[in-house]
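Construct all of the structure, not just a fragment, from the sequences and the given hints.
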Amino acid sequence: MTDPTHIPADPHEETPLAPSAHRPSRWRAVWDGDLAWSFRRSPVALVAALVVLVMVLGAALAPLIAPYTPFDPASLNLFNGITPPFTANEFTGDYFLFGTDDQGRDVLSTILYGLRISLFVGVMAVLFAMLLGITLGLLAGYAGGWTDTVIMRVADVQLTFPSILVALLIFGVARGIVPIEHRADMAIWVLILAIGLSDWVQFARVVRGATLVQKDREYVQAARLIGRSNGAIMFRHILPNVLSPVLVIATISLALAIIAEATLSFLGVGAPPTQPSLGTLIRIGQDFLFSGEWWILFFPAMTLLALALSVNLLGDWLRDALNPRLR
Amino acid sequence: MLSYILRRILQSVIVLLVVGLVAFSMFRFVGDPIEQLLGQERTQADVDRLREALGLNEPFVVQYLGFLGRAIQGDFGISYRQARPVAEILLERAPATLELALVSGIIAVVLGIALGVFTAIRREGFAANAIMTVSLIGVSLPTFLIGVLLIWFFGIGIEIPVPWGDGTISTKLFPTFGRGEVVDLGWWTTGLLTESGRASLVLPAITLGLYQMTLIMRLVRSEMLEVLRQDYIRFARARGLKARVVNFRHALKNTLVPVITIIGLQLGAIIAFAIITETVFQWPGVGLLFINAVQFVDIPVMAAYLMLVSVMFVVINLIVDLLYVTVDPRLRIDGGTA
Numbered sequence: 002m003t004d005p006t007h008i009p010a011d012p013h014e015e016t017p018l019a020p021s022a023h024r025p026s027r028w029r030a031v032w033d034g035d036l037a038w039s040f041r042r043s044p045v046a047l048v049a050a051l052v053v054l055v056m057v058l059g060a061a062l063a064p065l066i067a068p069y070t071p072f073d074p075a076s077l078n079l080f081n082g083i084t085p086p087f088t089a090n091e092f093t094g095d096y097f098l099f100g101t102d103d104q105g106r107d108v109l110s111t112i113l114y115g116l117r118i119s120l121f122v123g124v125m126a127v128l129f130a131m132l133l134g135i136t137l138g139l140l141a142g143y144a145g146g147w148t149d150t151v152i153m154r155v156a157d158v159q160l161t162f163p164s165i166l167v168a169l170l171i172f173g174v175a176r177g178i179v180p181i182e183h184r185a186d187m188a189i190w191v192l193i194l195a196i197g198l199s200d201w202v203q204f205a206r207v208v209r210g211a212t213l214v215q216k217d218r219e220y221v222q223a224a225r226l227i228g229r230s231n232g233a234i235m236f237r238h239i240l241p242n243v244l245s246p247v248l249v250i251a252t253i254s255l256a257l258a259i260i261a262e263a264t265l266s267f268l269g270v271g272a273p274p275t276q277p278s279l280g281t282l283i284r285i286g287q288d289f290l291f292s293g294e295w296w297i298l299f300f301p302a303m304t305l306l307a308l309a310l311s312v313n314l315l316g317d318w319l320r321d322a323l324n325p326r327l328r
Numbered sequence: 014m015l016s017y018i019l020r021r022i023l024q025s026v027i028v029l030l031v032v033g034l035v036a037f038s039m040f041r042f043v044g045d046p047i048e049q050l051l052g053q054e055r056t057q058a059d060v061d062r063l064r065e066a067l068g069l070n071e072p073f074v075v076q077y078l079g080f081l082g083r084a085i086q087g088d089f090g091i092s093y094r095q096a097r098p099v100a101e102i103l104l105e106r107a108p109a110t111l112e113l114a115l116v117s118g119i120i121a122v123v124l125g126i127a128l129g130v131f132t133a134i135r136r137e138g139f140a141a142n143a144i145m146t147v148s149l150i151g152v153s154l155p156t157f158l159i160g161v162l163l164i165w166f167f168g169i170g171i172e173i174p175v176p177w178g179d180g181t182i183s184t185k186l187f188p189t190f191g192r193g194e195v196v197d198l199g200w201w202t203t204g205l206l207t208e209s210g211r212a213s214l215v216l217p218a219i220t221l222g223l224y225q226m227t228l229i230m231r232l233v234r235s236e237m238l239e240v241l242r243q244d245y246i247r248f249a250r251a252r253g254l255k256a257r258v259v260n261f262r263h264a265l266k267n268t269l270v271p272v273i274t275i276i277g278l279q280l281g282a283i284i285a286f287a288i289i290t291e292t293v294f295q296w297p298g299v300g301l302l303f304i305n306a307v308q309f310v311d312i313p314v315m316a317a318y319l320m321l322v323s324v325m326f327v328v329i330n331l332i333v334d335l336l337y338v339t340v341d342p343r344l345r346i347d348g349g350t351a
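As given, the protein sequences belong to chains A and B, one line each in that order. For the first sequence, counting from 1, position 210 maps to 211 in our numbering; every step adds exactly one. For the second sequence, counting from 1, position 312 maps to 325 in our numbering; every step adds exactly one.
Derived by calculation from the structure, the hints in this document are not laboratory data. Some clues are possibly wrong.
As the list claims (entries may be wrong) - Now the stretches of chain B that chain A is said to cover, found in silico as 3 or more residues with beta-carbon under 8 angstroms:
1. 28–42
2. 89–99
3. 164–174
4. 284–290
5. 317–329
Quick reminder that beta carbons are idealized off the backbone N, C-alpha and C, glycines included.
So, in structure tokens, the structure goes:
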């Protein structure tokens with residue numbers, strides 16, 4: 002497992018502790034490490050990781066592996082409308098694993114494309130929240146004084162409100178600012194902004210707490226002595242030492258962000274019907290329940306549930322593996 | 014103790030002022046109020062006159078204070094979309110939301126504590142394990158999905174084949190749309206007095222309360238397990254007290270401090286999640302009003318909702334903090350830094 006936020010140190014600047022030729026390869030070191038050992042020992046984590054991996058691959062390769070192109074009107078055949086799952090259509094003979102909606106769109110393909118949007122928004126929102134939370138948390142912990150007070154007060158006020166409410170408000174305000182003709186294309190980015198902004202507090206709190214512990218350690222004093230700038234001390238020296246709880250929060254936040262995105266889209270204030278996410282698909286599918294076409298709702302809903310549950314379970318496992326005391 | 018209470022109240026007032034500033038900035042900077050009020054046919058003189066009349070030429074601080082003053086008197090302006098005073102619309106919608114929140118809050122607290130105690134006492138039992146497994150799924154299930162699934166199973170219904178009568182029974186038991194028949198008491202409308210009103214309340218209340226119930230249940234369980242290990246519980250057992258007395262009088266009582274906090278915070282969450290539940294069931298409450306306001310960028314309604322909800326949250330948090338100090342004497346010594 003490699004860490005995407007890790008910036009490799011510049012070799013000209015710092016001498017590695019040991020000559021790299023004598024060290025086992027990085028991959029080998031990770032594989033032999035405690036984390037991988039605990040991963041191989043946990044069947045729940047293995048299954049959850051497999052589910053997430055399949056979904057990520059499915060989303061990434063959607064244009065290649067999706068059996069149909071659901072958002073190309075030219076490829077749709079209205080005779081294929083409302084085909085039940087696991088059967089061939091009675092007029093055209095086309096086969097749809099998860100059935101079709103009223104316009105003849107293949108449900109499986111819409112799910113694959115929907116996963117793309119859901120995962121993209123979730124991951125980007127968490128990255129945004131991480132960036133904001135880590136920066137503000139480092140700043141609050143390292144600078145202290147009134148910087149700390151202001152940042153943490155804002156965090157406290159925001160924490161008073163459930164994040165879904167904060168996201169809804171930011172979404173509403175952002176929509177008011179974006180000109181009406183750009184609302185549909187900007188919807189995805191507004192979503193990322195809203196969910197990201199509603200979620201930075203957790204990161205800031207944890208990073209601040211860890212920074213307070215680290216900032217008086219000897220290595221930080223040494224860095225200060227040799228004249229490193231404050232920015233370098235915060236991001237190059239302290240940051241790598243506070244990252245492991247951040248990783249746990251990021252995983253749990255990802256599950257929450259995916260659910261938040263689905264919720265907003267379900268409420269009709271998220272991803273537009275032209276770029277449906279899983280939440281939008283569930284919203285559309287709900288209307289068909291009353292006329293008996295259950296599959297248009299069922300398969301997207303189960304996909305969302307499996308994704309959220311797996312990411313949650315991975316987060317739980319990671320928390321236990323990195324910090325056995327918290328169990 | 015008194016200084017602690019005063020400090021907490023001061024903090025709450027500051028939070029409300031900040032939220033008020035956010036709400037006011039929404040008014041002032043999102044969209045142009047002149048744009049909303051005057052149509053395409055307008056002269057510069059009209060614009061100037063309206064700016065003066067609305068006080069938009071005053072300094073920012075004066076405008077903000079004016080906004081706060083009117084908000085305290087319950088004047089939140091006119092809804093862009095419905096062209097009626099926002100306060101009037103909110104008052105009309107509030108009973109629906111409060112009734113729903115109250116019923117689901119009671120479900121969550123009563124069932125949550127009961128199941129939490131049960132799963133803690135019968136830790137190894139099959140039923141307790143089954144409940145815990147189901148609750149894990151319940152935590153991962155988004156609220157709206159719970160609502161949709163309940164509509165599917167109990168609103169639309171599925172036919173279950175049985176060997177008697179017509180051969181099938183349907184699970185279509187409850188309405189899925191709106192509040193049913195409501196009785197107007199003048200200042201309050203209630204669905205609790207009619208058959209259809211009560212039936213309409215069932216599915217939304219379960220949807221809204223389920224997540225909170227699982228949270229409370231899991232918390233009570235882990236706290237109970239912690240307390241049951243303590244020496245004084247063993248001692249109480251050794252004294253030959255009945256299991257019921259030990260479990261409820263000695264153990265449960267001491268788990269309640271963190272539980273009260275969580276219940277308080279969850280009351281706020283119930284109000285927020287009511288937005289989702291109300292949308293799923295088209296429940297005519299404040300949450301549905303808010304969602305429509307977000308969709309149509311109806312700023313006065315959004316700002317008023319924000320103010321209303323923050324007053325509620327701040328008051329709830331204040332009460333929880335004060336209760337905390339009352340329930341746990343240890344916090345009184347240092348004045349409670351939490």
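Hint by hint, here is what the structure shows:
{"no.": "1", "hint": "28–42", "in the structure": "holds (count 4)"}
{"no.": "2", "hint": "89–99", "in the structure": "violated (count 0)"}
{"no.": "3", "hint": "164–174", "in the structure": "holds (count 3)"}
{"no.": "4", "hint": "284–290", "in the structure": "holds (count 4)"}
{"no.": "5", "hint": "317–329", "in the structure": "holds (count 5)"}
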